[in-house]
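In case you want the letters, here they are:
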Amino acid sequence: MLAYTIRRILLVIPTLLAVAVLVFFVLRVVPGDIVEIKLAAEGGIISAEEIQKEKERLGLDDPIMVQFYKYMIGLPRGDLGISLWTENNVSEEIMSRIGLSFELAILSTILAVLIAFPLGTISALYRGSILDYVIRIITIGGIAVPSFWFGMLLIMLILATFGNLPPLGTISIFDDPKTNLYQMIWPALSVGYRYSSVVARMLRSSILEVLSEDYIRTARAKGVFERIVIVKHGMRNALLPTVTVIGLEFAFLLGGLVVTESVFNLNGIGKLFVDSVVRNDLNLLQGLVLTVATGFVLVNLIIDLLYAALDPRIRYQK
Amino acid sequence: MSQPPLLDVRNLQVEFKLKNGTVRAVDNVSFQVNRGEFLSIVGESGCGKSVTALSIMKLLPKRVAEIKADYVKFDGQDITNLSENEMRKIRGRRMSMIFQEPMTSLNPVLTIGDQLTEPLITHLEMSEEEANNRAIELLNMVGIPEPEKRLTQYPHQFSGGMRQRVMIAIGLACEPDLIIADEPTTALDVTIQAQILELLKDICNRLGVAIIMITHNLGVVAAYADKVNVMYAARIVEKGGASEIFGKPSHPYTIGLLRSVPRMDKKRGGRLATIEGLPPNLMAPPSGCRFKPRCPMAADTCDSSPELKERSKGKNHFTACFYSDEANKKGASIYVSDKDKFKPIKVKKDKPVLSVRGLKQHFGVSFRSGWLSSVSGTVKAVDDISFDVYPGETVGLVGESGCGKTSVGRAILHLNLPTGGELKFNEKELNQKSVALVRQDMQVIFQDPFSSLNPRMTIGQILEEPLKVHKIETDEVARLKRVSELLTKVGLYPYMRDRYPHELSGGQRQRVGIARALCMEPKIIICDEPVSALDVSVQAQIINLLEDLQRELGIAYLFIAHDLAVVKHISHKVIVMYLGKVMEIGDSDTIYGEPKHPYTKALLDAAPIPDPNIERGREKIILKGELPSPLNPPKGCVFSSRCNFVTEDCRKASPELVDFDNNHLAACINIEGGK
Numbered sequence: 001m002l003a004y005t006i007r008r009i010l011l012v013i014p015t016l017l018a019v020a021v022l023v024f025f026v027l028r029v030v031p032g033d034i035v036e037i038k039l040a041a042e043g044g045i046i047s048a049e050e051i052q053k054e055k056e057r058l059g060l061d062d063p064i065m066v067q068f069y070k071y072m073i074g075l076p077r078g079d080l081g082i083s084l085w086t087e088n089n090v091s092e093e094i095m096s097r098i099g100l101s102f103e104l105a106i107l108s109t110i111l112a113v114l115i116a117f118p119l120g121t122i123s124a125l126y127r128g129s130i131l132d133y134v135i136r137i138i139t140i141g142g143i144a145v146p147s148f149w150f151g152m153l154l155i156m157l158i159l160a161t162f163g164n165l166p167p168l169g170t171i172s173i174f175d176d177p178k179t180n181l182y183q184m185i186w187p188a189l190s191v192g193y194r195y196s197s198v199v200a201r202m203l204r205s206s207i208l209e210v211l212s213e214d215y216i217r218t219a220r221a222k223g224v225f226e227r228i229v230i231v232k233h234g235m236r237n238a239l240l241p242t243v244t245v246i247g248l249e250f251a252f253l254l255g256g257l258v259v260t261e262s263v264f265n266l267n268g269i270g271k272l273f274v275d276s277v278v279r280n281d282l283n284l285l286q287g288l289v290l291t292v293a294t295g296f297v298l299v300n301l302i303i304d305l306l307y308a309a310l311d312p313r314i315r316y317q318k
Numbered sequence: 001m002s003q004p005p006l007l008d009v010r011n012l013q014v015e016f017k018l019k020n021g022t023v024r025a026v027d028n029v030s031f032q033v034n035r036g037e038f039l040s041i042v043g044e045s046g047c048g049k050s051v052t053a054l055s056i057m058k059l060l061p062k063r064v065a066e067i068k069a070d071y072v073k074f075d076g077q078d079i080t081n082l083s084e085n086e087m088r089k090i091r092g093r094r095m096s097m098i099f100q101e102p103m104t105s106l107n108p109v110l111t112i113g114d115q116l117t118e119p120l121i122t123h124l125e126m127s128e129e130e131a132n133n134r135a136i137e138l139l140n141m142v143g144i145p146e147p148e149k150r151l152t153q154y155p156h157q158f159s160g161g162m163r164q165r166v167m168i169a170i171g172l173a174c175e176p177d178l179i180i181a182d183e184p185t186t187a188l189d190v191t192i193q194a195q196i197l198e199l200l201k202d203i204c205n206r207l208g209v210a211i212i213m214i215t216h217n218l219g220v221v222a223a224y225a226d227k228v229n230v231m232y233a234a235r236i237v238e239k240g241g242a243s244e245i246f247g248k249p250s251h252p253y254t255i256g257l258l259r260s261v262p263r264m265d266k267k268r269g270g271r272l273a274t275i276e277g278l279p280p281n282l283m284a285p286p287s288g289c290r291f292k293p294r295c296p297m298a299a300d301t302c303d304s305s306p307e308l309k310e311r312s313k314g315k316n317h318f319t320a321c322f323y324s325d326e327a328n329k330k331g332a333s334i335y336v337s338d339k340d341k342f343k344p345i346k347v348k349k350d351k352p353v354l355s356v357r358g359l360k361q362h363f364g365v366s367f368r369s370g371w372l373s374s375v376s377g378t379v380k381a382v383d384d385i386s387f388d389v390y391p392g393e394t395v396g397l398v399g400e401s402g403c404g405k406t407s408v409g410r411a412i413l414h415l416n417l418p419t420g421g422e423l424k425f426n427e428k429e430l431n432q433k434s435v436a437l438v439r440q441d442m443q444v445i446f447q448d449p450f451s452s453l454n455p456r457m458t459i460g461q462i463l464e465e466p467l468k469v470h471k472i473e474t475d476e477v478a479r480l481k482r483v484s485e486l487l488t489k490v491g492l493y494p495y496m497r498d499r500y501p502h503e504l505s506g507g508q509r510q511r512v513g514i515a516r517a518l519c520m521e522p523k524i525i526i527c528d529e530p531v532s533a534l535d536v537s538v539q540a541q542i543i544n545l546l547e548d549l550q551r552e553l554g555i556a557y558l559f560i561a562h563d564l565a566v567v568k569h570i571s572h573k574v575i576v577m578y579l580g581k582v583m584e585i586g587d588s589d590t591i592y593g594e595p596k597h598p599y600t601k602a603l604l605d606a607a608p609i610p611d612p613n614i615e616r617g618r619e620k621i622i623l624k625g626e627l628p629s630p631l632n633p634p635k636g637c638v639f640s641s642r643c644n645f646v647t648e649d650c651r652k653a654s655p656e657l658v659d660f661d662n663n664h665l666a667a668c669i670n671i672e673g674g675k
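Those protein sequence lines, which keep their order, are chains Z and V. All the letters of the first sequence, read from the start, carry residue numbers 1 to 318 under the numbering used here. All the letters of the second sequence, read from the start, carry residue numbers 1 to 675 under the numbering used here.
Just chain V, with the same shape it has in the complex (with noise of 0.2 Å):
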C-alpha cells in the first residue's frame, strides 16, 4: 500500500452563487480512491453528491460555481490549477463519466460512432479506420449485437439500458484510470440495472478501472463497494469500508437511512424507522451539526460542529458525531419506538371491495414502416387478469416498465376504457356508465407529486374542490374545518391550506396528495408509484402513513411500484406481471419467500438488498436481454424469449396460472407441484 493514493481530495468546497445568496453545496470534503478502489458516495438528494463529482471532473458551470481546495490530487498531480486545456486533455482520457439519463445524455443528432470515436481521435489521435474498429471492439465489449450496424445508428434507436451501454462504452474508450458515474441505473428497470452493474463492475475489474459512483440506492452501495462515503447536507458524516458502513454504522443518520428503507430479506409487520424532517436549505445551513434538528440523539454539545474522526485506529472508519459510540451501540433502536411495533392486520376474506375478472386492455397502434405502408397491430397491455381485493388489504403490482401495471390501474378507474373483463366493485358491476357513481369511492394516488398538483390552486383549494364538486360538504365553515382535519391526518399542518404547491417539498406534495384522495373517505385507493419519485427518508414516512390510514380507516390499496422491496414491505398480496400477463400471484411472504416462477426468481436476484454480506453471498440469475415489443410478444409463453429455464414446450402455449397451495399460484408449465 506504499503506492499513493489515485484520488487524494483535500478539504474541497464547491459554492453556487446564486441571485438570492451562496449555497456552500460541498463543505469541506476529503476523500482518496486507490487504484481499481470502488468508492460509493450516498446520501439523499441534494446532499452535494452530484456536485462533488463534477466538480471534480470540473464540469460545473463556470459563471455560477466556485470551486476551493487545498488539494485534488489525481494521479499525484495537483488539479485544482490546471487550466480549462489542460483539464480537457485528462477528461475522457484519464478520467471520464457516466452520467445519470441515458435518455438525454447522448446527441439525437449524432451517429452512436461518431459520438464514441470522438475521444479516441481527439485524446489518442486514431484515424476514423482505427477508431471505428476500436468502437466495434467497445460495443462488444458491452454486450451490444451486431455492433457494424449499429454504430451508424442514432440514439433514439435504442432503448434505455442499451444507451448507458453506450455511455459505458465511451466512458471506457481511451482506458481511464477513473471512471464516476452518477446514479447510472436510477433510471432503469432492476433487471437492465442488474446487467449494467454486473458490466460495470466486471469490465472495471479486468481492467483495473478505479469506480466512483453515486448512488442513492443503498442496495447498490452493499453489492458493489469497497467503500462507502455518507454525504449529509454537503458534508461527509461518515465514511469507511463497506462492511464498517452497513455492519458498525456509527453515525445516527447513516442508522436512520440504513432503517428506512424496506428490505426483501426481512419478515413483513413493524413499521420503518424514519427520519423526521427534511435536509435544511443549503442557503442558511443550521451552525453545529448539521443533522441535529432530525437527530433522535441530539444534545446541547451538537450546537458546536463534530469533526470526522477516525472511530478506532487503522480501521479508516470516519464519523462526524459526539456520540457515534453510543449510536453504534444502540443502532436502530434510537428511532424505533414502541408505537411502531405492530402486527400486520387481518384482511377478512369474504367480500371483495374490488373483483377483477379477465381483465383486458388492448391498445390498437399503426404506424408507418417506410414507403406508403403502414402496419397496424394490437399492443396487449393488459391480458386476462383476475385478482379480487378485499377491505384493508394491500395488493402490490409489480413488474417492469411497460409490464402493464399502470394500465391495470387505468383500466379499473375507467380512465381508460377496458376492452374486455368483468370489473366489480362492492359486487356492483362496473361499466361506463356505473362508474361515475363509484368514483367517491375509488381514489388515486399519482406518481409524480410535482405534476399532479395545479400550481395555480392553493393546497385549500385543492382540497375542497372535490367536496364541492361531489355535495359532501356544502357549507363553507365545515369544508375549511374538513380541509384542516385531513391535513393533520397526512402530518401537515392547517395553516397549509393558503401555500401554493411550489411551496412544498415533494415529500409533503405527496402528502397533499394522499389528502386529495382520503377527502372522499375512499374504500380503495390505486397507488401510482406513489413514492417511487421521494429520498429514501421521506420514502419511509409515507410508506407509514399509508399503513396508519389503512389501519385507522380499513381503505384497501391496489399498490403499483416497482420497489420489490417497498411492495414486499406494504402489500399483504402481490402480483407479478410480464407483458401483460400474470406470472405469479400469491401471499408476499410466499412470494418473496418461496418464489415458484423463474421470472420472479429473476427479478428478485436483481433487486440488491442493503447488506454486503448477504448481497455479495447469494447467488444470482441475471436475465439476459430486455423485455420484448409489445406488438410482437414471443410465441407461447411471453417469458420464453428471456427464461433460463426455457424448454421447447414453453413455445407452444402460453401457460395456465397454476394453484400451487393456499392460493399461490403462478404460470409456468415446468414447476413442479401444482395442483
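Next up, chain Z with everything else stripped away, as it sits in the complex (with noise of 0.2 Å):
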C-alpha cells in the first residue's frame, strides 16, 4: 500500500506540469487582446501608440518564450502574475473566492452522500417495491430538473417561511459559522440534489449487480447473517463505482457553479471564470484554470487512494 500510494502521489507532479504548459500555451491561441478591450472600455480615443505603451508596462509585448519563462518560474512560488485587468495579484484574488467554492463543494457533497447512501441502499434492496419506484422518481427528478431552477425554487421556499432571505456578502466560517452556515445550506441543498440523485442511482445499480455475484451467494451459504452479507460482503465492492461518481461530482463542483452562483449571489470561482472570459484576461485566466485543474488532479489522486484501500487487487497490481 505504501508503495503504491508514494507511486501514486509521485505522479502528481509530472501530470501537474503537463497541464501548466498547456493552459499557457492553448490560452495564447485564443483571439482578442485585453489592452483593447480594456481602453475601449476607458473610452475616447484610443491611439496606437498608447496600446503599446500598455502592453510594454503589462509586459504583454515580450516574446512567448520569455513570458512562458516568467510565467514557469512563478509557479513554484505560488505566484501566478496580476491580473491584466485590475492588476491584483492573481493568487490573492483566487484565494479569496476558492474558500467559497470549496466549502460549497464540501456542504454538497455531505448532503449528498447523507441522502444518497439511504436512498440507493434502500432502492436496491427493496427493488422492485413501491418504496423503490418513489424513490427512482426523486432521483431522476433531481437529475432532470437544473440546479439554478431548484435554487429559484428554494428561496422562495425560504421567503415563505422566513419571511426574509439569508444576509448578502460573504462571511467567513470562522467569524460566524451559524450565519455563514444559513447561507450555504441553500445552495449546498440546491446542488445537493442532483448530486445526490446520480449517487443515489449509481448505487442503486452497484449494490444490485454486487447482490447477483457469486461471492454473495458463497457468503450466504456459509449461514453468515443477511444483515453482514450486506454490509460486509456487498457494501463495500458496491462502493467502488460510487466512489468513482463521488470524486468525479465534487472536482466539478470545484470549477464553480456560474449560475447557481448568481442566483445565491455567492462571489465564488464561477463568477471569477466568466469575468476572466469575458475580460480575455489571461493571467487570471490560467491561474483559475491550473488552480482547477490541479484540484482535479488532487481529488482522483484521493479517488485512487481510496480505491486502493477498498479494494486490494489495486494494492498489489503488477
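Think of the hints as simulated: they come from the structure by calculation, not from any bench. Note that the coordinates shown come from a computational prediction; the quantities given were computed from them, not determined experimentally. Hints are not guaranteed to be accurate.
[Claimed, not checked] Straight line, CA to CA, 25 Å or less: simulated SDA-like cross-link-like pairs of lysine to any residue: (1) Z:Lys232 x V:Gly314; (2) V:Lys17 x Z:Phe148; (3) V:Lys19 x Z:Asp132; (4) V:Lys17 x Z:Leu131; (5) V:Lys17 x Z:Thr161; (6) V:Lys428 x V:Leu415; (7) V:Lys17 x Z:Leu125; (8) V:Lys19 x Z:Ser129; (9) V:Lys149 x Z:Met1; (10) Z:Lys271 x Z:Tyr182; (11) V:Lys62 x Z:Arg127; (12) V:Lys62 x Z:Pro118; (13) V:Lys248 x V:Gly314; (14) Z:Lys178 x Z:Ile155; (15) V:Lys17 x Z:Arg127; (16) Z:Lys232 x V:Lys19; (17) V:Lys481 x V:Leu492; (18) V:Lys62 x Z:Ser129; (19) V:Lys19 x Z:Leu131.
Join the two chains, each given in its own frame, into one complex according to the hints.
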C-alpha cells in the first residue's frame, strides 16, 4: 500500500506540469486582446502608441518564450502573476474566492452522501417495491431539474417560511459559523439534490450488481447473517464505482457553478471565471484553470487511494 | 441400514416466475442420501440439477423462485417450512456448498482468512484466535502450503485450483454432515481436477461427510459416486447405484449420454452415438415423456408420462421409461446405425499441407514489482515446435491451460507474428506477406460459439461476408444459394439464414462457425477448443459433423483441446505440450495405448473414464502442484518440477525429442529404448 501511495503521489508532479504548459499555450491561441478591450472600456480615442505603451507596461510585448519563462518561474512560488484587468495579484484573487467554492463543494458532498446512501441502498434492497419506485422518481427528478431552478424554488420557500433571506455578503465560517451555514446550506442543497440523485442511482445499480455476484451466494451458503452479507460482502464492493462518481462530481463543483452562484449571489470561482473570459484576462484565466485542474488531479489522487484501500487487487497491481 | 437417511427429498418442485411465463425447473424430484454417501446428479445444462441443489439449501432468489415439496427431511427434520434464520443456522454449519466458479465465488476485497473464519465465528462462536488456528488447520488439510501467510492474502493471489481448495476448506470448516458440490472442477484442468476430487473424497471419507456432486462429467461420476441420479428436462429419468447406471443403463437417455462421450479406453473408429435434437424448452415442455422427441424408441405409449419404477425389487434401480427392459437389453444399439460404422480414413503422407519447423512464439513482458522498479522477462509460449499436417489428417494438440497450445494456432494463422521458426503451407513459405494469399485456405473455428459471431448480423450475412470479401461469389443469387448449401451441409436449415445468433442454441452456433470456416473451401481448419463449451450430446453431434466433413472434403484439422478423450477420438496424430515445449508426439493409438513420457502418463491418469469398473481398478499417478510460472520455467526439463521420476540429470539440460519407433517421439532422458 505504501509503495502504491508513493508511486501514485509522485505521478501527480508530471501531470500538473503538463497541465501548466498546456494551459499557457492553449490560452495564447485564443484571439482577442485585453489591452484593446480595457482601453475601449475607458472610452475616448485610442492611439496605437497608447496600446503599445500599455502592452509594454503589462509585459505583453515580450516574446512568448520569455512570457512562458516568467510564468514557469513563478509557479513553484505560487506566483501566478497579476490580473491584467484589475492588476491585483492573481493568487490572492483566487484564494479570496476559492474558500467559498470549496466550502460549497464540501457541504454539497456531505448532503449528497447523507441523502444518497440511504436512498440508494433502500432502493436496491427493496427492488421492485413501491418504495423503490418513489425513490427512483425522486432521483430521476434530481437529474432532470436544473440546479439553479431548484435553487430559485428554494429561495421562494425560504421567503415564504422565514419571511426574509439570509444576509448578503460573504461571512467567513471561522467568524460566524451559524450565519455562514445558514447562508450556505441553501445553495448546497440546490446543488446537492442533483449530486445525491446521481450518486443514489449509481449506488443502487452497483449494489444490485454486486448482490448477484457468486461470492454473495457463497457468503449466504456459509450461513452468515444477512445483515453482514450486505454490509461486509456487498457494500464494500458496491462502493467502488460510487466513490468514483462522488469524486468526479466534487471536482466538478470546485470549478465553480456560474448560475447557482448568481442565483444565491455568492462570490465564488464561477463568477471570476466568467469575468476573466469576457475580459480576456489571460493571467487570471490561466491561474484559474491551473487551480481547478490541480483540484481535479488531487481529487483523482484521493479517489485512487481510496480505491486501493477498498480493493486489494489494485494495491497489489503488477 | 435402520438409520434414517441424512437427506430425504420427496416430490421437490421448483418454479421460476418469469415475465413471459412460468418455468418448472425441477419437477417432482425425490431422492435420498445416507450418511457418508456419495450421490451424483448428472445431466446436461438446463436439466435442473443445480436448481435442485440450490433449492435444498434454499439459496434461490425468493423473488422469482417458488419451492414446493411434500417434504425435505434433513437428519429427520423437515426443512421445507423453516424460517430464513433457522435455515441460516443450518447453512454452513450442517450442510455446505462448493460452487463451480472458484474465480468468482470468493469475495475479492476480503482476505482468505476473513472468509474462512466467518462460518467458524458465526456458527461455532469461536474467538478470533481460535478461529484463526482452526483456519490454519483447515488450509493444511486441503493442502495449501504456508497457511499462516496465506490467511492474510486475497483471492486474486491464488490460482484457480488453490481457490477451489479454499472453497473446500470453507465448506468443511464447521464439519458439516453434507456437502453439495456444484460442478466443483469444471473450470479446472484435468490434473488439478484429479487433485481436488481426490482431496474431497479423501476428507469426506475420513470425516464421514455425505456428498452430493452435481456434474456433467460422466468420468467423474464413474470414479467416485456410490449412487447416481440422471436428470433430463427437470425430472429424474433414472437413478440407482453407480454400477447399475453404468453397467445396465435402462433409460434411452442414459444410454445415449453414456454412448455420446468419446472414450479413451476404446480403439478409434466409428462415429459417436448421438442423441439428435436439443433438450426441450421448459417454458412449454412436451406432454408425456419429455425425452420422446429425441428418443429412438419412442412410441405412442410415450404420450403419457412414465413413472419412476423400480426395475427389480430391492435393487434400488429406478427408471422412468415404458420400454426400460428393451432399452436395457439393446443398449447402445438403439442409437447406432450402419452408416455409423466406418474405418478411419487412411492419410496419404506424401506432401504435408502444413509444415511447422522450430516454431517459436516468445512474448516480452514487463510488470511492476514494488517501489518504482519493474521486472521484465520473456514468456516462451511456444518454444521450438515442429510437426506436419497432411491433407485429410487431424492433428490433436493437448495440454493443460497455459501450455501454449492456443498460441501455436494463433502463430500459424499469423494472428500473432511468430518470433522464430519456419512455416510452410503447401510447400510455400508462410510469412507476414504471403499469409494474406493463403488466408482463404486456412480457416479457424473458435471455442466460444457465443462471442465469436457478431450479434448484429444475421446468419446469412455472417456466411456471405467472406464470400464477398474474397470475391469468390460475386453474383448475389449464387451467393444465396451457396449460403443455403453451406447451412445444409452443417446440419442446419436454409431458412435459418435470416436468424440472428442469439436465436440459435450453442450447438447450432458452433455449426454456423463451422459453416463460416467451410465457405472458403479451406485446406486446413484450426479448431481451437471447438466443443468444450457444449453439452456432451451436442458435442458428439459436432464431432461427427467435423469427421463427416473431413471424409467428404479431405480437410485437415489442427485440433486444439484439453479433453483427452475427444482428442483421442478425432485425431490421427497427437502432440502433447507442456510449458511451450513438445513432450510427446505420435499416432493417437500409440500415445494413448503406450504413452512414454511421464507427463503424458499423468495426463491420461488424471482424465477419468466413464466406467466405474475400469476407473476404480486402475492405479493413478496424480501430479502434484500446478503449472510453474512461464516467466520462470524450471531449469533443464520444463516438467522436472512436477515429475515423479525426476533425477539430477533432468535439471541439467532440456531433453531432446527422441524417436522410439514409427514417428513416436518423446522428450525425456529417463525412457529406455530410444533410437
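* To do: Could you tell me which of the hints above the structure violates, numbers in ascending order?
  => 1, 2, 5, 16
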